[in-house]
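Peer 1: Here the protein sequences line up with chains Y and L, keeping their order.
Here my numbering is used: the first residue of the first sequence is 1, the next is one more, and so on.
Here my numbering is used: the first residue of the second sequence is 1, the next is one more, and so on.
Since the hints were made in silico from the structure, they are not lab data.
All of these numbers come straight from a predicted model, not from anything done at the bench.
By construction, the Cβ of each residue, glycine as well, lies at the ideal position given by its N, Cα and C atoms.
Check before you lean on any hint, since a few could be wrong.
With a straight-line Cα cutoff of 30 Å, these simulated DSS-like cross-link-like pairs (lysine-lysine) come out [stated by the list, open to error]:
(1) Y:Lys419 <-> L:Lys64
(2) Y:Lys16 <-> L:Lys136
(3) Y:Lys183 <-> Y:Lys162
(4) Y:Lys16 <-> L:Lys109
(5) Y:Lys95 <-> Y:Lys255
(6) L:Lys182 <-> Y:Lys323
(7) Y:Lys260 <-> L:Lys140
(8) L:Lys10 <-> L:Lys202
(9) L:Lys73 <-> L:Lys209
(10) Y:Lys162 <-> Y:Lys366
(11) Y:Lys6 <-> L:Lys109
(12) Y:Lys144 <-> Y:Lys378
(13) L:Lys73 <-> Y:Lys416
(14) L:Lys10 <-> Y:Lys261
(15) L:Lys64 <-> Y:Lys323
(16) L:Lys32 <-> L:Lys136
(17) L:Lys74 <-> Y:Lys323
(18) Y:Lys56 <-> Y:Lys144
(19) Y:Lys150 <-> Y:Lys173
(20) L:Lys17 <-> Y:Lys416
(21) Y:Lys173 <-> Y:Lys162
(22) L:Lys109 <-> L:Lys70
(23) L:Lys192 <-> L:Lys74
(24) Y:Lys323 <-> L:Lys10
(25) L:Lys70 <-> Y:Lys424
(26) L:Lys109 <-> Y:Lys416
(27) L:Lys10 <-> Y:Lys6
(28) L:Lys7 <-> Y:Lys424
(29) Y:Lys144 <-> Y:Lys261
Residues of chain Y placed beyond 12 Å of chain L at every Cβ, according to the derived structure [claimed, not checked]:
(30) Glu120
(31) Val124
(32) Glu256
(33) Thr336
(34) Pro370
Here are the computed distance ranges between Cβ atoms for each label pair [to be verified]:
(35) Y:Phe371 <-> L:Glu141: 50 to 58 Å
(36) Y:Asp421 <-> L:Gly22: 15 to 23 Å
(37) Y:Tyr412 <-> L:His137: 33 to 41 Å
(38) L:His137 <-> Y:Gln386: 35 to 43 Å
(39) L:Gly16 <-> Y:Asn335: 19 to 27 Å
(40) Y:Leu404 <-> L:His200: 45 to 53 Å
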Amino acid sequence: MVEMFKYALNLVLRRKLRTVLTSLGIMIAVMLMSFILFGMTDLKSALLSELTTRFKPQELYVSGQDSMSFGGMVNAPTKEGNKKEPKILTDDLKKQIEDIDGVISVEPLLIINGLELYLEGDDVPYPSKIVASSDLPGSNHMYKDFYGEKEILDDYDIFVSKFVVSFFETTNKDIMGKKILAKSTSSGMFFSSSSKSMIDKQYEFTIVGVVDTANDAFWINNNTALDILVDLGGYDSKQDYISTIGYSQLYVNTKEGMTKKVENYIDNDLDLFVISSDTILGFVDTLTAGLTLSLILFGSISALVASIGIINTMIMSIYEQTKEIGIIKAIGASNTQVLIIFLIQSALIGLFGGILGLSITFLIMKILDPFIVDALAKQGFLDISQFFHFQLGNALIIALSSILVGILAGIYPSMKAAKLDPVKALRYE
Amino acid sequence: MAYIEVKNLKRVYEMGKGLQVGALQGVNFNIKEGDFISVVGTSGSGKSTLLNILGGLDWGYTGKILIEGKDIKKYDPNYYRRYIVGTVFQQFYLIPSLSVEENILLPIKFQKRKDRDIEERLEYLIDMVGLNDRRKHLPKELSGGQAQRVAIARAMIDSPRIILADEPTGNLDSKTGMAILKLLEELNRVEKVTILLVTHDKEIAKFTKERITLVDGRNV
Chain Y
1 MVEMFKYALN LVLRRKLRTV LTSLGIMIAV MLMSFILFGM TDLKSALLSE
51 LTTRFKPQEL YVSGQDSMSF GGMVNAPTKE GNKKEPKILT DDLKKQIEDI
101 DGVISVEPLL IINGLELYLE GDDVPYPSKI VASSDLPGSN HMYKDFYGEK
151 EILDDYDIFV SKFVVSFFET TNKDIMGKKI LAKSTSSGMF FSSSSKSMID
201 KQYEFTIVGV VDTANDAFWI NNNTALDILV DLGGYDSKQD YISTIGYSQL
251 YVNTKEGMTK KVENYIDNDL DLFVISSDTI LGFVDTLTAG LTLSLILFGS
301 ISALVASIGI INTMIMSIYE QTKEIGIIKA IGASNTQVLI IFLIQSALIG
351 LFGGILGLSI TFLIMKILDP FIVDALAKQG FLDISQFFHF QLGNALIIAL
401 SSILVGILAG IYPSMKAAKL DPVKALRYE
Chain L
1 MAYIEVKNLK RVYEMGKGLQ VGALQGVNFN IKEGDFISVV GTSGSGKSTL
51 LNILGGLDWG YTGKILIEGK DIKKYDPNYY RRYIVGTVFQ QFYLIPSLSV
101 EENILLPIKF QKRKDRDIEE RLEYLIDMVG LNDRRKHLPK ELSGGQAQRV
151 AIARAMIDSP RIILADEPTG NLDSKTGMAI LKLLEELNRV EKVTILLVTH
201 DKEIAKFTKE RITLVDGRNV
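Just chain L, same shape as in the assembly:
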């Protein structure tokens, strides 16, 4: 059984005055557990819409998304965003007034239950992303690559089973971008986490085992 099943996924935006835009027009794909897959497409192909839906930020779709056979609409949206998926954004989206450590631990602030092993998990992730000497630094004191590493560690803090990475190298130079891709690959290998990498860059897409190509809201 596929780990993630996307069936006939459609997303239509009402633009007012009866105008509708179909961002996704029937996307179908299956992903196996532990896969590292890229979603490729040009601007306007529906990549970001797909990512927002898979990331639990947009629930206005039709069709079905099953994870381990369970419809994601059956999850509590907050639980889904905390424990099922972790999202890494192109712009990093770190909180400027919080340190590296605090940014990584930010999702924990919104949890009712407290994980006793969280400190251990933090140490492990900081070590993995190689920011041991930057843990007390603020985002403005970090390079782009370092900031993206913090964002990756933050996405991983709750040990989600899926990581969604939206153009994670888009704001980085090619060398730093490659280092980030290698970090994601390491996470995929060590943590057995399923990764969906959204990119418009076919060269970056070559880095992953498989590819889903979106054209005008459909996968081809």
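Just chain Y, with the same shape it has in the complex:
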């Protein structure tokens, strides 16, 4: 068998260029499969770990409209969603939710968009123009991590995210007590430049804590947020704003075992948009399953195309090696031995593609990993230090699969070669 392997290897090495070109299909399939095995599993666990830290199973997020933000992820609009009329999250609705059996607390959240945010003494604004508000303490798990001595935001106090600290190239300790200046701009989503007075507004906040939130980088309390929203929008009072625009979201904490019931009530009876941790986990599942499925699909198509390539190459080889097959049969090679020699050749092409694919994947992983880790960190996944995990066991499975694809593709050509009549083969020109 060793001798036949050497002979088959010799045959493959005789056609180096063709071997490389044929194995490219396998290489692409292997690369796609490798990305699933070495990256997707960790992506899913990273997403789940991040989201389950921020969202507990008893919590619900309620919105009057069909779009809610989860650290940058926004639900796509659905036809189902469109059936619901957008509603204003008024104090009345908040009260109705508080009265539902099983609800522990309802915390309103507000969003102010369109403010340019500067750190005191720095003339470069922070890239995001969004300020969020909540009355939750800094120790709440929504913030994931908290640095600071004052957990409750007083009026015109502000929590900033780690990203803000890093953007202004300072430290948690140094940023504490500094001011954040918020200036209204004409480029904000909610405000136009039609009113000059609107552009000139400016607010000042004192940093009292650093939290671990990504996109929502600035947090003030609801009272201050309402002050600003009333001021910017020209409303008569906070009450006027709430009854006209409403809260952005309501953060509902429920009793254990009652969450589903509360969710159904808010969804069906109050006709509001509600998202639970189940929805979020389902979203992650769908997202990762979708990505995995597409990679598997493309991988399988590549493997299929690669198989056809191998079949084609092997059939070409038979024509080229017809005389040689005749010779080795004439000097004593059996049909089975010819079959094995051809199967070894196609297995070698598969293995070569596998090794090539794994090597390139390994290289790409090494190059891309820091960028992916960085990109994930920007999305708030700060605990991921390495995205791709090259595992020898999985690499071995991939290499063996490549050999298997090679062997399967080689069966028909090998049988064809084995059945060649030695007399005709020797006469073949």
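Keeping the supplied structure of chain Y fixed, place chain L upon it in accordance with the hints.
Peer 2: Frame of chain Y; chain L shown alone:
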């Protein structure tokens, strides 16, 4: 008892549409062990068909071929081609990517049992065919005569009892051809191997002790 007995050997080829061509139409001959015999005939006389059958490449014949009294159909075809006969072709049929040594050892690759004396046998044959200084060369670096010597050594590596040589000098000039014939004669004398030399050239046939002449698929 004759070493090789060929009795009423016939080979008919189906050409389709009911057309049949009788390449061999009842060939009979006996060969003694250690003979050096030529099979002579013009093109289409059935020489190559006879050689393919004796070489174990074509089993679609009727009649009987006995070697030491045993019907060759009772042998495993691969065993027969490895150990009973060795074939030398007009076109040498060397593997271009293998060296002289590797070409000679090629039949060994298809054997299950490994002969411990194979290295010794290789040295002996390389020495006999006079290619000691060419052992690492590729076929393209050899002359026609040298390539045929490699083919002869390859046919002899498993020490078969019969060598079938199909126009072994056909692609060589007369001087080189003569050297090849002398090499075959030496093998016949030293190794006591029975040799059947197929040729269309009556001058070459004179080199052998006996001749079998084929005309239209029959020996005369």
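Peer 1: Tell me, which hint numbers fail for this structure?
Peer 2: Result: hints 7, 14, 16, 27, 33, 38 break, sorted rising.
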